[in-house]
Amino acid sequence: MGEAAPAPSGGTVEVAAPAAVASGAAKLRVAPPMTWRTRLAVAAAGYLTDATARADGTINRRLVSLLDPAVAASSTPRNGVASRDIIIDPVVPLRARLFYPSPPPPSAASAPLPVVVFFHGGGFAYLSASSPSYDAACRRIARYAAAAVISVDYRRSPEHRFPAAYDDGFAALRFLDDASNHHPLPPLDASRCFLAGDSAGGNIAHHVARRYALSPSSFRTVRLAGLIAIQPFFGGEARTPSELRLHGAPIVSVPRTDWMWRAFLPPGADRTHEACDASMSSPAAAAGVVDAPHFPPATVVVGGYDPLQDWQRRYCSALRAKGKEVTLLEYPDAIHAFYLFPEFKDAKDLMLKIRDIVAGSGSSA
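Be aware that the sequence shown starts at 1, since it is given in UniProt numbering, and climbs by one per residue.
Hints are computed from structural coordinates only; laboratory data are not their basis. Take these hints with a grain of salt, some might be off.
[Unchecked claim] With a cut-off of at most 25 Å between alpha-carbon atoms, the simulated SDA-like pairs for lysine to any residue come out as follows:
{"hint": "1", "residue 1": "Lys353", "residue 2": "Ser217"}
{"hint": "2", "residue 1": "Lys345", "residue 2": "Arg29"}
{"hint": "3", "residue 1": "Lys322", "residue 2": "Ser217"}
{"hint": "4", "residue 1": "Lys353", "residue 2": "Arg161"}
{"hint": "5", "residue 1": "Lys353", "residue 2": "Arg62"}
{"hint": "6", "residue 1": "Lys345", "residue 2": "Ala359"}
{"hint": "7", "residue 1": "Lys353", "residue 2": "Leu63"}
{"hint": "8", "residue 1": "Lys345", "residue 2": "Lys322"}
{"hint": "9", "residue 1": "Lys353", "residue 2": "Pro90"}
{"hint": "10", "residue 1": "Lys353", "residue 2": "Asp291"}
{"hint": "11", "residue 1": "Lys353", "residue 2": "Gly304"}
{"hint": "12", "residue 1": "Lys345", "residue 2": "Asp189"}
{"hint": "13", "residue 1": "Lys322", "residue 2": "Asp333"}
{"hint": "14", "residue 1": "Lys322", "residue 2": "Asp291"}
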């Protein structure tokens, strides 16, 4: 990472040095230079949406299962991390995948693990906790942060629209708050709990944090130590400069994100809805942030080749304007979902940042 730059009161900005040096050419690209192998992997991620999204707003789930085959949990450690599937609510049904260092790191051998409640991306409609990319990403987070990661398999749109994903995220917090649910799990320190997610998952993490902040006293053990929003998915009716400039960007092109919002929002709603509102301009969108001292400190990750970056910066500005603590991490050469591709050098840097954020919660406890 590069130097920390000054920021408005309430937060800091850290900017990674860009690899591109051509003054004009870089601005015309919609993606940074990539190896052919990385380019194929990124293209495949976008193809999943294009091949399975139907014009009538439904998804070909059978084809999705072929293009995104589930990875089984493994009690046998892989890269130092074991996993198991847990049931949060058998009625919904709502499941999650738990990842934990195995064996535990020496520093935590006798101490409960901090917890990262994680929400995967996919435009609210795609992917899962058992998707190969997210199984691998959550293993990396658990290993780097020496933490337990609970990756929530929230219900997806369009079969389950707003607010189903938010309800499921909040249910996961309630599950963690009930110590009787911990019996088959490794020792967990729910007082060092982080909400994290990327893309739509970052949006979900924000809205779950809002709900928590409205009633923190109703939780017995869970205390939110931080919010880690990795390139969170927000939007609006007007096109931003970054959406216009990066209209055909990999993974989250403008046509794809438009389809995803239509699939998630209530029928008839537009992108002024509270779910999309990065500025938190309506009372509904601001609830749990304004006059809510228990909304957690936020770290927001922004990529220079992400069409959503203007919305993400608007989100940071809105949090600061409402008196919240915000750290903005900028990666100028990063595409949307860059950290899912370990070959990007910034992917490891972000893991190290997450490690430091989680470790800091222990020093301040």
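Hint check, failures only
1, 4, 5, 7, 8, 9, 10, 12 and 13
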